[in-house]
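Going by the working numbering, the letters in the sequence shown line up with residues 34 to 273, in that order.
There's no promise every hint is true.
[Claimed, not checked] Subject to a maximum C-alpha distance of 25 Å in a straight line, what follows is the list of computed DSS-like cross-link-like pairs (lysine-lysine):
#1 Lys178 with Lys189
#2 Lys192 with Lys178
#3 Lys199 with Lys189
#4 Lys178 with Lys199
#5 Lys149 with Lys160
#6 Lys150 with Lys160
Please keep in mind that the hints were generated in silico from the structure rather than gathered at the bench. A quick note: this is a predicted structure, and the numbers were derived from the prediction, not measured.
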Amino acid sequence: MKKHFPLKAMTFLSIVSLSSTTLAAPIHFSTLLMDSAMTLYELQEFGKEIKQHLAEKEQKSKFKTFDELLLEQFKKVDKSFTPTMSEVDENIKQSIENNNHYINAQLSMYSHNSEKKWLLLKRKHHKAQTDNLNQFANLHQSIDKTQNINNTRFTKLDKKIDKTAKQAHSGIASVAAMSNIPYTMNTRFSAGVGLGHYHDGHAIAAGAQYQVKENINLRSSISWNNSDRAVVGAGIAIGW
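Based on the sequences and whatever the hints tell you, model everything.
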């Protein structure tokens, strides 16, 4: 690459070259002094231009070239598409750990939910069982109470039936005792007693007969049975 120098630098070099070639010619002092002043000024300007040129070159060197930028992009792309084995292992390990954490979290949540559902179901079952037992106990008490009431009623009814039957049997026995009292004939007054029995009924009777006139006759009787009841009867007979 060719280096381009400023125009003033080239002028300075031309003057130096011209002075060296004309040393043999006589030069006036004022002319030489003027030339020296011009040369010093041009040297200063040349130095400034050199410094500016170097500064621009250094500034340009800070920026990367297109080739360098392109190479960096290729390196990035190549690194993103072709990771190293350690990076692959690390990614796999991280994925496995994430999956394990997720699975453990799901299992823990499922276990917690299952335990809650099981406790809720157990409580419902226990409550339902307790309610059923209470209902069964109440029903059993109601049945027992009803049965006791019915038994009491049936017992009372049985007693009433037995009492009624006993009274009936005793009444029949009383009637039998009263109807079997014998009386004497052809007498003005006659009295007698009789006994009666029917099933579990027992009775004793007493009666009397009185002939008021030949054609009028009175008769009465009374009995006492095992039901602590008295049976009374009376009658009159008229003949003509």
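Status of each hint after checking the structure:
About 16 Å separates the Cα atoms of lysine 178 and lysine 189, which keeps this hinted pair within 25 Å; it holds. Restraint check: the Cα-Cα separation between lysine 192 and lysine 178 comes to about 21 Å, which is no more than 25 Å; the hinted pair holds. At roughly 15 Å between alpha-carbon atoms, lysine 199 and lysine 189 fall within 25 Å of each other, so this suggested pair holds. Simply put, lysine 178 and lysine 199 have alpha-carbon atoms about 31 Å apart, too far for the 25 Å limit, and the pair is violated.
Distance restraint check for lysine 149 and lysine 160: the Cα-Cα separation of roughly 16 Å lies within the 25 Å cut-off, and the hinted pair is therefore satisfied. A threshold of 25 Å between alpha carbons decides the hint, and for lysine 150 with lysine 160 the separation of about 15 Å falls inside it, so the pair holds.
Comparing the model with each numbered hint stated earlier shows that hint 4 is the single one that does not hold.
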